[in-house]
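A.B. asks: Spelled out, the chains give:
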Amino acid sequence: VKRLFQVALGILTAIGGFVDIGELVTGSAVGARFQMRLAWATLLALAVILVFASMAGRVATVSHRPVFDLVRERLGPRFALVNLVASFLITGATLAAEIGGAALALELASSLNYLLWVPLVAFMVWVVVWRVDFEVMENLFGLLGLALVVAAIAVWRLGPDWGDVAHEMLRPSKPATESWPSYLYYAVAMFGAGVMPYEVFFFSSGAVEQDWQREDLVVERANVMVGFPIGTVITLSIMLSSALVFAPQQIEVSALYQAALPSTLALGRVGLAVALVGFFACTFGAALETALACGYSVAQYFGWAWGKSLRPAQGTRFHLTMMVTIIAATALILTSVDPVELTELVVVFSAAALPLTYLPVLIVANDPEYMGEATNSRWVNALGFGFLVVLVAVSIATIPLLVLSKAGA
Amino acid sequence: VLGRRVAVLAGLLVLGSCAPSARTQGPYVAKAVTAAEAVHDSTGTDLLLLDAVERGDTMAAYLSTATSQAEDSARSAAGSFASIQPPTVATQQLREELGDLLERAVAVVGEVRVAGRRGDRTALSQLRGRLEAVDRELRAFGEAHR
Chain A
437 VKRLFQVALG
447 ILTAIGGFVD
457 IGELVTGSAV
467 GARFQMRLAW
477 ATLLALAVIL
487 VFASMAGRVA
497 TVSHRPVFDL
507 VRERLGPRFA
517 LVNLVASFLI
527 TGATLAAEIG
537 GAALALELAS
547 SLNYLLWVPL
557 VAFMVWVVVW
567 RVDFEVMENL
577 FGLLGLALVV
587 AAIAVWRLGP
597 DWGDVAHEML
607 RPSKPATESW
617 PSYLYYAVAM
627 FGAGVMPYEV
637 FFFSSGAVEQ
647 DWQREDLVVE
657 RANVMVGFPI
667 GTVITLSIML
677 SSALVFAPQQ
687 IEVSALYQAA
697 LPSTLALGRV
707 GLAVALVGFF
717 ACTFGAALET
727 ALACGYSVAQ
737 YFGWAWGKSL
747 RPAQGTRFHL
757 TMMVTIIAAT
767 ALILTSVDPV
777 ELTELVVVFS
787 AAALPLTYLP
797 VLIVANDPEY
807 MGEATNSRWV
817 NALGFGFLVV
827 LVAVSIATIP
837 LLVLSKAGA
Chain B
453 VLGRRVAVLA
463 GLLVLGSCAP
473 SARTQGPYVA
483 KAVTAAEAVH
493 DSTGTDLLLL
503 DAVERGDTMA
513 AYLSTATSQA
523 EDSARSAAGS
533 FASIQPPTVA
543 TQQLREELGD
553 LLERAVAVVG
563 EVRVAGRRGD
573 RTALSQLRGR
583 LEAVDRELRA
593 FGEAHR
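Protein chains in written order, with my numbering: chain A, 437 to 845; chain B, 453 to 598.
Don't take every hint at face value.
Quick list of the computed label-pair ranges, beta carbon to beta carbon [unchecked claim]:
{"#": "1", "chain 1": "B", "residue 1": "H597", "chain 2": "A", "residue 2": "K842", "range": "53 to 61 angstroms"}
{"#": "2", "chain 1": "B", "residue 1": "A512", "chain 2": "A", "residue 2": "I763", "range": "52 to 60 angstroms"}
{"#": "3", "chain 1": "B", "residue 1": "G551", "chain 2": "A", "residue 2": "F515", "range": "54 to 62 angstroms"}
{"#": "4", "chain 1": "B", "residue 1": "H597", "chain 2": "A", "residue 2": "R514", "range": "36 to 44 angstroms"}
{"#": "5", "chain 1": "B", "residue 1": "A542", "chain 2": "A", "residue 2": "V518", "range": "53 to 61 angstroms"}
{"#": "6", "chain 1": "B", "residue 1": "G562", "chain 2": "A", "residue 2": "T752", "range": "47 to 55 angstroms"}
{"#": "7", "chain 1": "B", "residue 1": "Q477", "chain 2": "A", "residue 2": "K842", "range": "14 to 22 angstroms"}
{"#": "8", "chain 1": "B", "residue 1": "P539", "chain 2": "A", "residue 2": "E614", "range": "22 to 30 angstroms"}
{"#": "9", "chain 1": "B", "residue 1": "G478", "chain 2": "A", "residue 2": "E614", "range": "15 to 23 angstroms"}
{"#": "10", "chain 1": "B", "residue 1": "A596", "chain 2": "A", "residue 2": "G704", "range": "54 to 62 angstroms"}
In case anyone wonders, no lab produced these hints; they're calculated from the structure.
Note that CB positions come from ideal geometry on N, CA and C, so glycine has one too.
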């Protein structure tokens, strides 16, 4: 149990980052529409986030300073400001979507309209970021999010033909009924959802919050190597369970209630109840992650005192930033904008801005002045640069694909 | 001059967005297929929900919300299609054919919602036949016109 708690930061980051409201619905939609033919996009995202989260965590552990702090110092305030504005807007909009997502999960469990739950969820987010200890938060919501493993159990109960699954995953191809722009648009959506910038901000700042030292590099690596693969397994299970239930009936998935059906059909009431707990935990966890990421990025850019371990009186501006962001996000979601559509849009725009986040991480992790002996090795650099080329290609292709595919219609 | 051009362009955009249009037969038929498939998503999901209900596998709150949201999306898809003007006589017939089908589908999905909200399993079971029939017709329509 102690070892599980040691990797709770990685699990919370991955569950909240990989599996949020957009992923729950988009993963199900992709499974129903493309079966496992787009699993490669999620696996590619896993490879990229493993390399870059590991770098960001190492930078934070060695320098005791999070990525955003170093970006400003290393690349100058102008570049860092562009980075800050882009990532803050994207993360703030994601926070709105996650608050809406947690409210939607509560609606499924209560049948009360989700808009009635929104203020309560927002208040709970604020209480947790204001009062609850960082370790308690990551242990509670990271581990609660593991309830989504129910999707993997549902897959096992639904009994897929593993030969077909392996064929679709290893030999990806576009279904004849789909256009190339739609296929690639959803590939970008699945990829972008796995490498959202706030995952890096949250993970590296969390490492500083937990006061990881050089000797904790093993723990840091374990967090990355355990947390993100778990997030990926859950995402692929959601995709596959949806492929097994909806694809044979040619039903498209566009709402959260549909994402709970495979677990219900495979495991009955218990499956449904656990899935709903998992939906709430992962969306609420993502809301916490994004609220904190907004506070971290602004405070680190302006050099304010920051951290959940600080008493609110000591980190006034950090806490105030989060409070204002939570209020703005709540106001946005109360306009009745669809949380699912909002996240899908945010994921696509975040894909367009990916190099802004990941290039500085690579530059700082490669600087011996900051990193000393922990500077990137040659093969990590090779992987990092290779993936950066992928990120740039994705960012260039995103908006044209959005237009050409009519947002995946 | 530039201001006037911008105003004219903005006016045209506003006018163009007032009523959904399909100026030729092809796009109209494509929109009809999209509407049939969207409503089928609701009827098909309701059928899966009925499977779970018959096995006693759902919870009242979930069933109520799920059937309600399925009806909302079916209604929205049918409403969007109804607002598109058919460009030719042939598409007028298609509109009447699909319009009738969508109306029946939305009615059944609405009844499923009412029974789902009441948690009335008997009524839900009795609706299965009608739901299956309308779901089959929607799929057949999509396949015939795709």
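A.B. asks: None of the hints should be skipped; say for each whether it holds.
C.D. replies: Structure-based check of all given hints:
1. H597(B) / K842(A): 53 to 61 angstroms: 19 angstroms, violated
2. A512(B) / I763(A): 52 to 60 angstroms: Cβ of A512(B) to Cβ of I763(A): about 34 angstroms, so the range 52 to 60 angstroms is violated.
3. G551(B) / F515(A): 54 to 62 angstroms: Since G551(B) and F515(A) have Cβ atoms about 56 angstroms apart, the given range 54 to 62 angstroms holds.
4. H597(B) / R514(A): 36 to 44 angstroms: 55 angstroms, violated
5. A542(B) / V518(A): 53 to 61 angstroms: Distance hint for A542(B), V518(A) holds at roughly 54 angstroms.
6. G562(B) / T752(A): 47 to 55 angstroms: Hint holds: Cβ distance 53 angstroms, inside 47 to 55 angstroms.
7. Q477(B) / K842(A): 14 to 22 angstroms: At 20 angstroms between Cβs, range holds.
8. P539(B) / E614(A): 22 to 30 angstroms: Once the Cβ atoms are compared, 27 angstroms apart, the range 22 to 30 angstroms for E614(A) and P539(B) holds.
9. G478(B) / E614(A): 15 to 23 angstroms: Since the Cβ atoms of G478(B) and E614(A) sit about 19 angstroms apart, the hinted range of 15 to 23 angstroms holds.
10. A596(B) / G704(A): 54 to 62 angstroms: About 37 angstroms separates the Cβ atoms of A596(B) and G704(A), which means 54 to 62 angstroms is violated.
Of the numbered hints given earlier, the model fails hints 1, 2, 4, 10; all others are met.
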